[in-house]
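J.: Chains Y and W are the protein sequences, given in the same order. Here the first sequence is numbered in my numbering, starting from 977 and rising by one per residue. Here the second sequence is numbered in my numbering, starting from 30 and rising by one per residue.
Please keep in mind that the hints were generated in silico from the structure rather than gathered at the bench. Backbone N, C-alpha and C fix where the C-beta goes; we use that ideal spot for every residue, glycine too. Each hint should be verified, as a subset may be incorrect.
As the list claims (entries may be wrong) - If you want the footprint, here are the derived chain W segments under chain Y, 3+ residues with CB under 8 Å: (1) 76-90; (2) 101-109; (3) 116-128; (4) 170-181.
Claimed, not checked - Straight-line C-alpha distance at most 35 Å; calculated DSBU-like pairs for lysine-lysine: (5) Y:Lys1015 - Y:Lys1055; (6) Y:Lys1150 - Y:Lys1128; (7) Y:Lys1128 - Y:Lys1091; (8) Y:Lys1112 - Y:Lys1069; (9) Y:Lys1043 - Y:Lys1062; (10) W:Lys99 - W:Lys159; (11) Y:Lys1128 - W:Lys99; (12) Y:Lys1062 - W:Lys159; (13) Y:Lys1112 - Y:Lys1155; (14) Y:Lys1155 - Y:Lys1130; (15) Y:Lys1130 - Y:Lys1157; (16) Y:Lys1091 - Y:Lys1055; (17) Y:Lys1130 - W:Lys99; (18) Y:Lys1055 - Y:Lys1065; (19) W:Lys159 - Y:Lys1155; (20) Y:Lys1128 - Y:Lys1112; (21) Y:Lys1055 - Y:Lys1043; (22) Y:Lys1069 - Y:Lys1043; (23) W:Lys159 - Y:Lys1130; (24) Y:Lys1112 - W:Lys99; (25) Y:Lys1091 - Y:Lys1112; (26) Y:Lys1043 - Y:Lys1091; (27) W:Lys159 - Y:Lys1157; (28) W:Lys159 - Y:Lys1128; (29) Y:Lys1061 - Y:Lys1043; (30) Y:Lys1069 - W:Lys99; (31) Y:Lys1015 - Y:Lys1091; (32) Y:Lys1091 - Y:Lys1061; (33) W:Lys159 - Y:Lys1159; (34) W:Lys159 - Y:Lys1061; (35) Y:Lys1150 - W:Lys99; (36) W:Lys99 - Y:Lys1157; (37) Y:Lys1065 - Y:Lys1043; (38) Y:Lys1062 - Y:Lys1091; (39) Y:Lys1043 - Y:Lys1015; (40) Y:Lys1015 - Y:Lys1069.
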Amino acid sequence: MASLATRRLLREIGQVQVVGVRFGSAGPPIPLQKVNIGKREIVGFGNNGEINYVDSVMSPFPAIRFKEDVGEVAALRTKEQGDWKKMTKEEKKALYRASFCQTLTELEAPTGEWKSVTGLVLLGLSLGLWGYLWVKWVVYGDMPDTITNDEKRKAQIERMIALRVNPVEGFASKYDYEKGKWKE
Amino acid sequence: MLRFALRTVPRLSAIRTATRAQQTVMSVGSLRMQQQVRLMSSENLADAEFDARYEAFFNRPDIDGWEIRKGMSDLVQMDLVPDPIIVAAALRACRRVNDYALTTRILEIVKIKCADQVNEIWPYMIQELKPTLDELGILLPEEMGYDQPELALPNPYDIH
């Protein structure tokens, strides 16, 4: 009960909470970091007991209201004490926005970030591909004519046959020496 | 297996049983209904006690906003969809502390808790909550226009 009393007392005095109550026991309060939240009302435990406002689906009830109870909001608060059926939809929405910054649907709404990500990935990919092409076309010279010239290649093949290169399982094994042509 | 605290047949009064038996709900629920009419396994007793405890917590006449939020936070952190009885008790508690925004937030998070079975569970939830909603004058998030995003907030990490 002492902890309940301290909490209410703190809410009433001011919105800068400087001491906290030890969890589950009597004893001197422990000092907290000073948190400046303006005149916003402390309404709950929040995600971890810290007096801040964070919208999160995993912790949907922040420790403080989003807006201060001034001006129009204060007027709506008095209406809130009465019959809710007498409030218009706009007033109810205003009350919601006074307590909360975003609705949970807005929190979960798609951001379209995937388009940026896909675009940047494809840009990176294309840079890589252009890099490869540059290396192939500019950095590397032409291939030697022992590879590009067909006659020279034929001469090389004939020499390899005559030398019986890899006759068991490789090149010459595919040549039929009795018939004098390539095996089918 | 997901603990499904939402049930179609309560363990309390016969009147409630009679009304609920006439309601056709989703197939999963009606299957459980038949099972529960016949036997009370230990799992259902634990569910009943859980519901009763939370309902009693929210029905406390001297509850304050801090405790409603803490209770609801703990409830939605569990892997279950709260029984409509508990949600109704929480909404009535919000009325006692004169906090309208909290009712909308509670309804929003309960809908999100239905996850991919929202088409089966949410209509049932609304059906069960209708008397409380009408009595207190609470609009559903859909009726307020909050089932679609209304305002946009730039991502703080994207602001350069």
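J.: Evaluate each hint against the coordinates.
T.: A quick look at each hint next to the structure:
| no. | hint | in the structure |
| --- | --- | --- |
| 1 | 76-90 | violated (count 0) |
| 2 | 101-109 | holds (count 4) |
| 3 | 116-128 | holds (count 3) |
| 4 | 170-181 | holds (count 11) |
| 5 | Y:Lys1015 - Y:Lys1055 | holds, 20 Å |
| 6 | Y:Lys1150 - Y:Lys1128 | holds, 21 Å |
| 7 | Y:Lys1128 - Y:Lys1091 | violated, 53 Å |
| 8 | Y:Lys1112 - Y:Lys1069 | violated, 63 Å |
| 9 | Y:Lys1043 - Y:Lys1062 | holds, 23 Å |
| 10 | W:Lys99 - W:Lys159 | holds, 25 Å |
| 11 | Y:Lys1128 - W:Lys99 | violated, 86 Å |
| 12 | Y:Lys1062 - W:Lys159 | holds, 18 Å |
| 13 | Y:Lys1112 - Y:Lys1155 | violated, 42 Å |
| 14 | Y:Lys1155 - Y:Lys1130 | holds, 19 Å |
| 15 | Y:Lys1130 - Y:Lys1157 | holds, 14 Å |
| 16 | Y:Lys1091 - Y:Lys1055 | violated, 45 Å |
| 17 | Y:Lys1130 - W:Lys99 | violated, 86 Å |
| 18 | Y:Lys1055 - Y:Lys1065 | holds, 13 Å |
| 19 | W:Lys159 - Y:Lys1155 | violated, 95 Å |
| 20 | Y:Lys1128 - Y:Lys1112 | holds, 24 Å |
| 21 | Y:Lys1055 - Y:Lys1043 | holds, 17 Å |
| 22 | Y:Lys1069 - Y:Lys1043 | holds, 13 Å |
| 23 | W:Lys159 - Y:Lys1130 | violated, 90 Å |
| 24 | Y:Lys1112 - W:Lys99 | violated, 65 Å |
| 25 | Y:Lys1091 - Y:Lys1112 | holds, 32 Å |
| 26 | Y:Lys1043 - Y:Lys1091 | holds, 34 Å |
| 27 | W:Lys159 - Y:Lys1157 | violated, 91 Å |
| 28 | W:Lys159 - Y:Lys1128 | violated, 91 Å |
| 29 | Y:Lys1061 - Y:Lys1043 | holds, 23 Å |
| 30 | Y:Lys1069 - W:Lys99 | holds, 23 Å |
| 31 | Y:Lys1015 - Y:Lys1091 | violated, 41 Å |
| 32 | Y:Lys1091 - Y:Lys1061 | violated, 44 Å |
| 33 | W:Lys159 - Y:Lys1159 | violated, 86 Å |
| 34 | W:Lys159 - Y:Lys1061 | holds, 14 Å |
| 35 | Y:Lys1150 - W:Lys99 | violated, 82 Å |
| 36 | W:Lys99 - Y:Lys1157 | violated, 89 Å |
| 37 | Y:Lys1065 - Y:Lys1043 | holds, 19 Å |
| 38 | Y:Lys1062 - Y:Lys1091 | violated, 45 Å |
| 39 | Y:Lys1043 - Y:Lys1015 | holds, 8 Å |
| 40 | Y:Lys1015 - Y:Lys1069 | holds, 21 Å |
Violated hints for the displayed structure, listed by number in ascending order: 1, 7, 8, 11, 13, 16, 17, 19, 23, 24, 27, 28, 31, 32, 33, 35, 36 and 38.
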